[in-house]
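Protein sequence lines correspond, in order, to chains A and B. Under the numbering used here, think of the first position of the first sequence as 1, with each following residue one higher. Under the numbering used here, think of the first position of the second sequence as 341, with each following residue one higher.
I should point out that these hints are in silico values taken from the structure, not numbers from a laboratory. Cβ coordinates follow ideal geometry from the N, Cα and C atoms, glycine included. Just so you know, not all the hints are guaranteed correct.
[As the list claims (entries may be wrong)] Computed beta-carbon distance windows for the label pairs:
no., chain 1, residue 1, chain 2, residue 2, range
1, A, Arg234, B, Lys364, 30 to 40 Å
2, B, Ala367, A, Lys162, 47 to 57 Å
3, B, Glu372, A, Asp239, 45 to 55 Å
4, B, Gly420, A, Leu186, 39 to 49 Å
[Said to hold, decoys possible] Some but not every residue of chain A turned toward chain B, in silico, with C-beta under 10 Å:
no., residue
5, Lys80
6, Asn84
7, Tyr176
8, Thr256
9, Pro257
10, Asn259
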Amino acid sequence: MRDETRRDAGRGAQEMVAEKMEDYELEAVRRINSRGGIAPHLSLRFGSHLFSIDTSRAPKGSFQPDAYLITHAHSDHYGKSAMNSPQAVASVETARALEIRYDREYKGRTFKVGQSIVIDDVEVSTHATGHTIGSAAFSWQTECGERVLVTGDVKDYRHLPKCDFLVTEANYGDPYDPSCIFEDDLAGFSEALEDGASFGAYAFGKAQRAVALMRAMGYKDEIGMDEKSLVLTRELMGDAAGPLTEVHGGISNVVTPWNLHQVHCRSKYFLTGRRDTSYPTIQLSDHLDFRGLMRMIEHVSPREVLVYHPEGIRASLLAHHLQDCGLETTSLDLIDRFVR
Amino acid sequence: MRRGYTTAKPILMDFYADWCGPCKLQAPIFEELARDYSDKAEFKKINVDKEGDLAIEKGIMVVPTIVLEKDGQEIQRWMGVTAKEELIKAINMALD
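Produce the entire structure from the sequences given, and follow the hints as far as they go.
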């Protein structure tokens, strides 16, 4: 399909979804920031409510939403900015991860993943997504009874509820990119662990996944970690992390990738899906692959979908694919309603 | 590029760390290039220990890594110390 045709098809679908959203008194809007650009990501307006999703904080004096829902503490979900607002809503673990990562106080409300929280008279349920420690999806019903589900990034969709309107991600949502189809190489990871290897993993998310897997695979010795990884893992995993220590040779280490060369160890691996790396890699993803995303969508069985993340082309590619599958879908780039 | 450095010119980003020996070899090459090609491209030095979010966003695994982007899209990346001539060639190709 040519780009213009695709865009026209996208516009048509966007209008259809917009009409449906109006039927439900549900509207997706984006905010213009102080520099005149578009702030990430989006807000959902329904009835008299406005919930912002993984969105940077509106400047003081600007119109504020009822809530800044923060799905997890990765930087491309803008908790660094939203955490400064009393309207921020994040899991206990996400709030703590933001505090450690950015060395500032989280000023919003917290919840335990799986519990409900009332925001401006709306009961919002939360659901584990398995992407990072504390990552959460949010769901609620509008006054018209429409069930909204906002997933954030997802690794495990089993806890997600059925919905009518789905706001979801497409990190590996490109149907034409072979790298969006993958399996985690747990056997390779186990083999490397038995061989006494050390691993390069980003400090928040992948490092805790690696430690959890090492413990699940029966590794009981100390795990060496660099400073930021150590603080995050101790705080967020607690006793489940087992004994942790500073990086040293003779044990398995989990360190930030660019620190891996400083580790004295006979075998080293990056835990990543990238291929252009200077060490061998083991595929260990915090995301669903394309097939997983499709299974997730089937699982939650929405009537309409809005693909809101990541920025770039993948959200619109997944949206087009879902349209081809007969599901009314739009993507973030096609939202044409803005607030200041 | 999603944050910070969106520009019509190609942009070269040098991801480095203060403790990294090879980064110290890369630095004068990069700085010379930045001086000679300032009218054709943007040059940014990024300390991975201070701008970890950006390093993660760009999938940086080792330092030094140089990433060349144009219109927000990555064109090429080099890991390890990279010669000035190789970077010049890539900048010129990005300008074509």
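Checklist entry - Does A/Lys80 meet its interface restraint, that is, does its C-beta lie within less than 10 Å of any C-beta in chain B? => result holds, 8 Å
Checklist entry - Per the hint of 30 to 40 Å, is the separation of the Cβ atoms of A/Arg234 and B/Lys364 within bounds? => result holds, 33 Å
Item to check | Satisfaction of the hinted span 47 to 57 Å by the C-beta atoms belonging to B/Ala367 and A/Lys162 | outcome: holds, 55 Å
Checklist entry - Against chain B, is A/Pro257 within 10 Å by beta-carbon distance? => result holds, 4 Å
Item to check | Pairwise beta carbon distance, B/Glu372 to A/Asp239, judged against the given window 45 to 55 Å | outcome: With a Cβ separation near 53 Å, B/Glu372 and A/Asp239 satisfy 45 to 55 Å, so the hint holds.
Checklist entry - Hint check: is the beta carbon of A/Tyr176 less than 10 Å from a beta carbon of chain B? => result Check failed: Cβ of A/Tyr176 comes no nearer than 16 Å to chain B, outside 10 Å.
Checklist entry - Taking 39 to 49 Å as the hint, is the beta-carbon distance of B/Gly420 and A/Leu186 inside that range? => result violated, 30 Å
Next on the checklist: Is the interface hint satisfied for A/Thr256? The criterion is a beta-carbon contact with chain B at less than 10 Å.
Outcome noted: Result: holds, 8 Å to nearest chain B Cβ.
Item to check | Restraint satisfaction for A/Asn259 [CB to CB of chain B, less than 10 Å] | outcome: holds, 9 Å
Checklist entry - When the nearest CB of chain B is found for A/Asn84, is that gap smaller than 10 Å? => result violated, 16 Å
Of the numbered hints listed earlier, those contradicted by the structure are 4, 6, 7.
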